[in-house]
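Asker: Sequence:
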Amino acid sequence: MSASVEQSLEVKKRGLTSRPVIGTLILIGGMIGLIIAIGISVSIGAAEIDVKTVWSAVFQYDSALVPHQIIQETRLPRVLGAALVGASLAVSGSIMQGMTRNPLADPGLLGLNAGAAFMLAICFAFFPGLPYMYLILFAFLGAALGAGIVFGIGSIAKGGLTPMRLVLAGAAVTALLVALSEGIAIYHRIAQDLAFWNAGGVSGTKWENLQIMAPWVLLAILGAIVLSKSITLLSLGDEVAVGLGQQTGKIKLFGTIIILILAGAAVSVVGAVGFVGLIIPHITRFIVGHDYRWIIPGSAVLGGVLVVLADLAARMVNPPQETPIGALIAIIGVPFFLYLTRKGGKEL
1 MSASVEQSLE VKKRGLTSRP VIGTLILIGG MIGLIIAIGI SVSIGAAEID
51 VKTVWSAVFQ YDSALVPHQI IQETRLPRVL GAALVGASLA VSGSIMQGMT
101 RNPLADPGLL GLNAGAAFML AICFAFFPGL PYMYLILFAF LGAALGAGIV
151 FGIGSIAKGG LTPMRLVLAG AAVTALLVAL SEGIAIYHRI AQDLAFWNAG
201 GVSGTKWENL QIMAPWVLLA ILGAIVLSKS ITLLSLGDEV AVGLGQQTGK
251 IKLFGTIIIL ILAGAAVSVV GAVGFVGLII PHITRFIVGH DYRWIIPGSA
301 VLGGVLVVLA DLAARMVNPP QETPIGALIA IIGVPFFLYL TRKGGKEL
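As numbered in my numbering, residues 1 to 348 make up the sequence shown, in order.
Take every hint as true, because none was put in to throw you off.
Here are the computed lysine to aspartate or glutamate pairs in the EDC-like style, where the Cα-Cα straight-line distance is at most 20 Å:
#1 229 <-> 291
#2 252 <-> 238
#3 206 <-> 322
#4 52 <-> 62
#5 229 <-> 239
#6 206 <-> 73
#7 206 <-> 62
#8 52 <-> 73
#9 250 <-> 238
#10 250 <-> 239
#11 252 <-> 291
#12 252 <-> 239
Ranges of calculated distance between the beta carbons of each label pair, as one might list FRET restraints:
#13 55 <-> 148: 41 to 49 Å
#14 141 <-> 171: 15 to 23 Å
#15 40 <-> 218: 22 to 30 Å
#16 239 <-> 335: 31 to 39 Å
#17 31 <-> 64: 30 to 38 Å
#18 28 <-> 171: 32 to 40 Å
#19 156 <-> 206: 40 to 48 Å
#20 122 <-> 214: 19 to 27 Å
#21 322 <-> 214: 18 to 26 Å
#22 141 <-> 331: 25 to 33 Å
#23 335 <-> 141: 32 to 40 Å
#24 172 <-> 28: 40 to 48 Å
#25 73 <-> 335: 32 to 40 Å
Everything labelled a hint here was simulated from the structure, so no lab data went into it. Only a predicted model underlies this, so the values are computations on that prediction, with no experimental measurement involved. Note that beta-carbon positions come from the ideal geometry of N, C-alpha and C, so glycine has one too.
All chains should be built: construct the whole structure from the sequences, respecting the hints.
Answerer: Structural data, given as structure tokens:
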């Protein structure tokens, strides 16, 4: 290792904190909080159902009982879908922030969500009735398209990629893809079908969706955990990572594939919900330190909690109508984003 790399590594290590005890507590407490949030969310709705009935509906299902049908066929897949979506968006955001060393990185801000929604609009317009499995695949391609355009624009700009330049490119590309999606929806009269994805929500989630989505998401999160040590080193800078024997090209390739899987799967279920991948990684990093072996699993748990609670709030704000999840999370996300930009794109 060269002297310059060693010196750079020492400087970086001084700011690289890891709190394994707090990280363990966050994982345990987050899992308990997620289970409690799921239980409350399943119990509350147009028809109030007590915890005992929820328990029996999950473990002693009786199809003859209406409350059991409501829980099993409507509420449970919806809430589990919200947890998976939250974990997907949070983990993808944490990987993006680590690989790009960009504190403002988020699937929604960098065009991935808009790209996935654009491909879904094409599917609804030209391939109606397409099986859900193919919708996920098209969402992956759309996320890759959005990210490719954003990073392409950012790369050709004078001065190279900077956090603010990426965000500006992401905003422009997102606006373009959203406009194209809306144009397709109006021309082909599928605006109502696309409105769900534009607004964001998990009300239409079914067990069939989860059976296809869950394996992709769980494998991608497992892959992210496997890469977590390498992403920690990559977050110190490419020069330091290479000096420590990391194959940065392969890490970035696998990390990008994981991001596209997570973002595409999330958008195919919940729509273009932003800011989850921005907020949660920062909060997790602030609590557990800069070690991505704790940031990634912690983000998965806390992201699930956030979206489950947002879905619960969406049903309680104006019953029996539902408020879009994306709007509720944006109430938190926009001030958070403005706070980060005020700090010059620095971490919490």
